[in-house]
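Okay, here's what each chain looks like letter by letter:
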Amino acid sequence: EDQVTQSPEALRLQEGESSSLNCSYTVSGLRGLFWYRQDPGKGPEFLFTLYSAGEEKEKERLKATLTKKESFLHITAPKPEDSATYLCAVREGGGSEKLVFGKGTKLTVNP
Amino acid sequence: GAVVSQHPSWVICKSGTSVKIECRSLDFQATTMFWYRQFPKQSLMLMATSNEGSKATYEQGVEKDKFLINHASLTLSTLTVTSAHPEDSSFYICSATAGQYEQYFGPGTRLTVT
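Going down the list, the protein sequences come from chains A and B.
Okay, so the first sequence: first residue is 1 according to this note's numbering, each after it adds one.
Okay, so the second sequence: first residue is 1001 according to this note's numbering, each after it adds one.
Calculated from the structure, these hints are not laboratory results.
Hints may be right or wrong, so weigh each one.
Under the rule of at most 20 Å between Cα atoms (straight-line distance), these lysine to any residue pairs were calculated in the SDA-like manner [what the hints assert, rightly or not]:
| hint | chain 1 | residue 1 | chain 2 | residue 2 |
| --- | --- | --- | --- | --- |
| 1 | B | Lys1064 | B | Gln1038 |
| 2 | B | Lys1041 | A | Glu9 |
| 3 | A | Lys106 | B | Val1062 |
| 4 | A | Lys103 | B | Ser1073 |
| 5 | A | Lys98 | B | Met1045 |
| 6 | B | Lys1055 | A | Glu97 |
| 7 | A | Lys42 | B | Gly1053 |
| 8 | A | Lys98 | B | Val1019 |
| 9 | A | Lys98 | B | Ser1009 |
| 10 | A | Lys98 | B | Trp1010 |
| 11 | A | Lys103 | A | Phe72 |
| 12 | A | Lys98 | B | Gly1099 |
| 13 | B | Lys1041 | A | Leu11 |
| 14 | A | Lys98 | B | Thr1049 |
| 15 | A | Lys63 | A | Gly41 |
| 16 | A | Lys103 | B | Gln1042 |
| 17 | A | Lys42 | B | Ser1005 |
| 18 | A | Lys57 | A | Ser24 |
| 19 | B | Lys1020 | B | Thr1080 |
| 20 | A | Lys42 | B | Trp1010 |
| 21 | B | Lys1041 | A | Arg37 |
| 22 | A | Lys98 | B | Arg1037 |
| 23 | A | Lys103 | B | Trp1010 |
| 24 | A | Lys42 | B | Gly1061 |
| 25 | A | Lys42 | B | Lys1055 |
| 26 | B | Lys1055 | A | Gly95 |
| 27 | A | Lys103 | B | Lys1064 |
| 28 | A | Lys42 | B | Lys1064 |
| 29 | B | Lys1020 | B | Ser1073 |
| 30 | A | Lys42 | B | Thr1082 |
| 31 | B | Lys1020 | B | Gln1006 |
| 32 | A | Lys98 | B | Val1113 |
| 33 | A | Lys42 | B | Pro1107 |
| 34 | A | Lys103 | B | Val1113 |
| 35 | A | Lys42 | B | Gln1042 |
| 36 | A | Lys57 | B | Tyr1101 |
| 37 | B | Lys1041 | A | Gly95 |
| 38 | A | Lys42 | B | Val1003 |
| 39 | B | Lys1041 | A | Glu97 |
| 40 | A | Lys98 | B | Lys1020 |
No experiment lies behind these values; they were computed from the predicted model shown.
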């Protein structure tokens, strides 16, 4: 059973067309939900960490929010350079520092 | 800050040989480092977790004798793929964390076994 599910798998937007990516999770004792951006052939780039329901964080055109069951990554007025795969990961309760990753959403922003 | 490097960025080797990949945290001391494997168009698969000075903890299904991990210092971990075969060809990525904070990832190493 997947613990982290991201949707949609792929998303095509026109430049300036705002949208949201979803990450739902079923882990217990959440100790952090993480968003990363990954460009082809590169390692993931850290974007945000969220720890508790109601928390929000922003960076440029990106805004991440968290509820008890899911997180959203809102992209406002995207540009072509925002095209990438966005990965969501959660850290479970207990002492482990392991992350459980979703399969990602591939975002394409057309000019 | 929080820069992680990997070397080499890509490597081609012949079947049966061994390959070593280095992962370094450049501007912080990493209490824990992780090694991932990523197949094309798939997400990251955790292979092992390593803490400085202790044996690595491998995920289920990962061969310990094939993927040797050494975490010699707080800034360096190495992954050695022993007796590599074509099915070991993949994108290997390391990450590092300083305590229970974010994991910062290296740029990855593309391994091709011929």
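Right, here's what the structure says about each hint:
With a C-alpha separation of about 18 Å, the suggested pairing of Lys1064/B with Gln1038/B holds against the 20 Å cut-off. A hinted pair counts as satisfied when its Cα atoms are at most 20 Å apart, and Lys1041/B with Glu9/A qualifies at roughly 11 Å. A hinted pair counts as satisfied when its Cα atoms are at most 20 Å apart, and Lys106/A with Val1062/B does not qualify at roughly 28 Å. Distance check on the hinted pair: Lys103/A and Ser1073/B sit about 32 Å apart at the alpha-carbon level, beyond 20 Å; violated.
For a cut-off of 20 Å, the pair hint linking Lys98/A to Met1045/B stands: about 11 Å separates their Cα positions. Distance check on the hinted pair: Lys1055/B and Glu97/A sit about 16 Å apart at the alpha-carbon level, within 20 Å; holds. In summary, the hint linking Lys42/A to Gly1053/B is not supported, as the alpha carbons are separated by about 28 Å, beyond the 20 Å threshold. With a C-alpha separation of about 25 Å, the suggested pair Lys98/A and Val1019/B falls outside the 20 Å cut-off, and the hint is violated.
With a C-alpha separation of about 24 Å, the suggested pair Lys98/A and Ser1009/B falls outside the 20 Å cut-off, and the hint is violated. The suggested pairing of Lys98/A with Trp1010/B is violated, with an alpha-carbon distance near 26 Å, which exceeds 20 Å. Simply put, Lys103/A and Phe72/A have alpha-carbon atoms about 15 Å apart, close enough for the 20 Å limit, and the pair holds. The hinted pair formed by Lys98/A and Gly1099/B meets the criterion: a straight-line CA distance of about 12 Å does not exceed 20 Å.
Taken as a hint, the Lys1041/B and Leu11/A pair is honoured in the structure, with Cα atoms around 15 Å apart against an allowance of 20 Å. Between Lys98/A and Thr1049/B, the direct Cα distance comes to roughly 8 Å. Compliance with the 20 Å bound is thereby established for this hinted pair. At most 20 Å may separate the alpha-carbon atoms for a hinted pair to count; Lys63/A and Gly41/A exceed this at roughly 25 Å. For the hint pairing Lys103/A with Gln1042/B, the CA-to-CA distance comes to about 6 Å; that is within 20 Å, so the pair holds.
Between Lys42/A and Ser1005/B the CA atoms are separated by roughly 12 Å; this keeps the pair inside 20 Å, and the hint holds. For the hint linking Lys57/A to Ser24/A, the alpha-carbon distance of about 17 Å falls within 20 Å, and the restraint holds. Simply put, Lys1020/B and Thr1080/B have alpha-carbon atoms about 4 Å apart, close enough for the 20 Å limit, and the pair holds. At most 20 Å may separate the alpha-carbon atoms for a hinted pair to count; Lys42/A and Trp1010/B meet this at roughly 11 Å.
Annotation: proposed proximity of Lys1041/B to Arg37/A holds, straight-line Cα distance about 14 Å (limit 20 Å). About 14 Å separates the Cα atoms of Lys98/A and Arg1037/B, which keeps this hinted pair within 20 Å; it holds. With a CA separation close to 24 Å, the supplied pair Lys103/A and Trp1010/B exceeds the 20 Å bound. Pair hint Lys42/A plus Gly1061/B does not hold up; C-alpha atoms about 25 Å apart against a cutoff of 20 Å.
Restraint check for Lys42/A and Lys1055/B: not satisfied, since their Cα atoms lie roughly 28 Å apart, outside the 20 Å limit. A distance of roughly 17 Å separates the Cα atoms of Lys1055/B and Gly95/A; the hinted pair therefore holds under the 20 Å criterion. Between Lys103/A and Lys1064/B the CA atoms are separated by roughly 25 Å; this puts the pair beyond 20 Å, and the hint is violated. Between Lys42/A and Lys1064/B the CA atoms are separated by roughly 26 Å; this puts the pair beyond 20 Å, and the hint is violated.
Pair hint Lys1020/B plus Ser1073/B holds up; C-alpha atoms about 16 Å apart against a cutoff of 20 Å. Taking the CA atoms of Lys42/A and Thr1082/B, the gap is about 24 Å. The hint is violated against a cut of 20 Å. In summary, the hint linking Lys1020/B to Gln1006/B is supported, as the alpha carbons are separated by about 11 Å, within the 20 Å threshold. Our distance criterion of 20 Å between C-alpha atoms is broken by Lys98/A and Val1113/B, whose separation comes to about 29 Å.
With a C-alpha separation of about 5 Å, the suggested pairing of Lys42/A with Pro1107/B holds against the 20 Å cut-off. Taking the CA atoms of Lys103/A and Val1113/B, the gap is about 26 Å. The hint is violated against a cut of 20 Å. At roughly 13 Å between alpha-carbon atoms, Lys42/A and Gln1042/B fall within 20 Å of each other, so this suggested pair holds. The straight-line distance between the Cα atoms of Lys57/A and Tyr1101/B is roughly 16 Å, inside the 20 Å bound, and the hint therefore holds.
At most 20 Å may separate the alpha-carbon atoms for a hinted pair to count; Lys1041/B and Gly95/A exceed this at roughly 31 Å. The suggested pairing of Lys42/A with Val1003/B holds, with an alpha-carbon distance near 14 Å, which does not exceed 20 Å. Distance hint between Lys1041/B and Glu97/A is unfulfilled; the C-alpha atoms sit about 25 Å from each other, more than 20 Å. Proximity of Lys98/A to Lys1020/B is assessed by CA-CA distance (about 23 Å); at most 20 Å being required, the pair is judged violated.
The structure fails to meet hints 3, 4, 7, 8, 9, 10, 15, 23, 24, 25, 27, 28, 30, 32, 34, 37, 39, 40 from the earlier list, while all remaining hints are met.
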